[in-house]
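*Asks:* So you can see what is in the structure, the chains are spelled out below.
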Amino acid sequence: AQRVTQPEKLLSVFKGAPVELKCNYSYSGSPELFWYVQYSRQRLQLLLRHISRESIKGFTADLNKGETSFHLKKPFAQEEDSAMYYCAANFGNEKLTFGTGTRLTIIP
Amino acid sequence: KAGVTQTPRYLIKTRGQQVTLSCSPISGHRSVSWYQQTPGQGLQFLFEYFSETQRNKGNFPGRFSGRQFSNSRSEMNVSTLELGDSALYLCASSLDRTGELFFGEGSRLTVL
Chain A
7 AQRVTQPEKL
17 LSVFKGAPVE
27 LKCNYSYSGS
37 PELFWYVQYS
47 RQRLQLLLRH
57 ISRESIKGFT
67 ADLNKGETSF
77 HLKKPFAQEE
87 DSAMYYCAAN
97 FGNEKLTFGT
107 GTRLTIIP
Chain B
2 KAGVTQTPRY
12 LIKTRGQQVT
22 LSCSPISGHR
32 SVSWYQQTPG
42 QGLQFLFEYF
52 SETQRNKGNF
62 PGRFSGRQFS
72 NSRSEMNVST
82 LELGDSALYL
92 CASSLDRTGE
102 LFFGEGSRLT
112 VL
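Protein chains in written order, with this note's numbering: chain A, 7 to 114; chain B, 2 to 113.
The set of hints was computed from the structure by calculation and includes no laboratory data.
Model, not experiment: these values are computed from the prediction.
Possibly wrong hints are sitting among the right ones.
Claimed, not checked - Some but not every residue of chain B turned toward chain A, in silico, with C-beta under 8 Å:
#1 46
#2 49
#3 91
#4 102
For each residue, glycine too, the CB sits at the ideal point set by N, CA and C.
Next up, chain A with everything else stripped away, as it sits in the complex (with noise of 0.2 Å):
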């Protein structure tokens, strides 16, 4: 079945230190993958897609097809950082399928 896994449900990262959140999918062909952004208080918003290759408040994805990967990166984290990350990912059938998310907390 076509699914995104997103494997941890919280985590908790000092400031300044490196960030992580992992997600993987399951499915055979090229999917398009997202990562969402909820903050406290506001809406689900797009953070980025990995088409575009850009870099959104310091934050990378690099799509690795043979560990069918698609993890987000931050080099130093900042407390506005924190919020609730969604992976999400488009296999093809024009819907957007969403992981659990991970809630993302920054300790000063």
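With chain A held as given, fit chain B onto it using these hints.
*Replies:* Coordinates of chain B only, in the frame set by chain A:
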């Protein structure tokens, strides 16, 4: 540009009742998707409408239905409510079917 607007924001219903939720997409967006968000399951896809046609449907029972009007506004209906239907229902719009999704604030449904 106004964002995606969902009404009502909060509602409480009892088992067996039915509920209708409304979503007004960003002007010019023709695709509207609905998701159910719960703490344990995350976001689960309900359905997607494009130009008044349902193009995609998730794995939800027939009690969940929706429609889209000619002005792209969308409604979803849940009949014969069950306790497990308690959730945040999110609507998202996009310019086309594969573009960035813009989410509303959601309608929080509590079923007692």
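*Asks:* Please go over all the hints and tell whether each is borne out by the structure.
*Replies:* Status of the hints after comparison with the structure:
no.	hint	in the structure
1	46	holds (5 Å)
2	49	holds (6 Å)
3	91	holds (7 Å)
4	102	holds (6 Å)
Violation of the numbered hints given earlier is absent; every hint is satisfied by the structure.
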